[in-house]
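Line by line, the protein sequences give chains A and B. Position 100 (the first sequence) corresponds to 83 in this note's numbering; numbering is contiguous. Position 207 (the second sequence) corresponds to 190 in this note's numbering; numbering is contiguous.
Calculated directly from the structure, the hints in this document are not laboratory data. Not one of these hints is a red herring.
Which chain B residues face chain A? A few, computed with CB under 7 Å, are given here:
no., residue
1, G92
2, G94
3, G95
4, Y98
5, L169
6, A171
7, G172
8, A175
9, S182
10, P185
11, L190
12, H193
13, N194
14, V200
15, V202
16, F204
All of these numbers come straight from a predicted model, not from anything done at the bench. Glycine included, each C-beta is placed from N, C-alpha and C at the ideal position.
There are 2 protein chains.
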Amino acid sequence: MRIALLGGTGDIGEGLALRWAYHTDHEVVVGSRDPEKARAKAEEYETELDSRGVEEKVTGFENAMAADRADVVVLAVPAYHVVDVVEEIGDRIDEDTTLVTPAVGMQKGAGGFRYNPPDAGSVTALVAEAAPEGVPVVGAFHNLAADRLANLDVELSLDTLVVGDDDDAKRNVADLAAGIEGLRALDAGPLANAAEVESLTPLLVNLAIHNDGMHDVGVRFE
Amino acid sequence: MRIALLGGTGDIGEGLALRWAYHTDHEVVVGSRDPEKARAKAEEYETELDSRGVEEKVTGFENAMAADRADVVVLAVPAYHVVDVVEEIGDRIDEDTTLVTPAVGMQKGAGGFRYNPPDAGSVTALVAEAAPEGVPVVGAFHNLAADRLANLDVELSLDTLVVGDDDDAKRNVADLAAGIEGLRALDAGPLANAAEVESLTPLLVNLAIHNDGMHDVGVRFE
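Excised from the complex, chain A in its bound form (with noise of 0.2 Å):
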């Protein structure tokens, strides 16, 4: 599959891109607003991979390129840009892409950070109602331990959760979460409950802050 990741100049974008390019078959296109950033990381991620004898994986696009002819796109980009980003893509994807949010709207207060969904009810929610008729919309990649899984020394051992209202499609992005090793995808339900499952990144981003020894928090569910 083609799985382009816009935004794939960011911490959870980088993991994704590395991981997918080094535990499987899948053609990997990083997306940035500005395509020499695009393409910088690309190299970047190529050279990292490269060095554990995996070759020509990785290539950087601007958004809309990249996102063209993608069977997978997922919004790596902070929550308040994910509209913006649907909107430029937007003549690129069709109901044979699968859109893929793993945004949270958080905001900091006294102590920690609080979920702060958009007034759709949820950032999944938003991304639904901002796509072109016709697009599944997957909610996924939340909860991941950004700097764990960007580091291809580390072994995961770590659960994402994924959400939407299109079972293929859930499944399909089940599948590639299933791909990257030590990475279960467990099925949270419909769309509805999309809150729920981006309410864990604020709780993660606490727990770090209050506990001596941990950081990059991930979750099991067991």
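Model the placement of chain B on the given structure of chain A, informed by the hints.
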């Protein structure tokens, strides 16, 4: 310590009562609105503990009597009863009593449960508003796998999150939690972070609904 478990006749109350009686030296008092029911449950727990060589650790009383002279009072009652119970015991507790709230407001919808906080922002905040002046309030024990907790044959490997504004009270509750083998307490920060902690409960229920082989779901942060 003397621990009162009000609503100690329900799922989570039963598990905490049995575990504290079994794993620690604390005195456990089961409370209920109905003193007969409290006594019957206490006897049931005693029988279970007796078969494991633990004797005379659990008694049962009407709520206000149970709370009287307790060091820690756990409000193991449904979210919509919590204020009534605090009022019921108000004249038996003071600044030397820590009130612990494990309750979560949830609403069932299509495909799952959603977090449904009271106007106060969280059940923990609601209890803090209802509590007598100076009584410290701690949110904890929301996200335990209740069936496993109540089965002393099961070795636990679970995290619980502790949230509140009084650091001494929080430490005290974290120590109580850690007294149960296999249970780890993590600090989720001040009371203002309680909504993200409580939101985890509907998420755990949704994972049990949507994933084959998952039920009685607990969580580990790592």
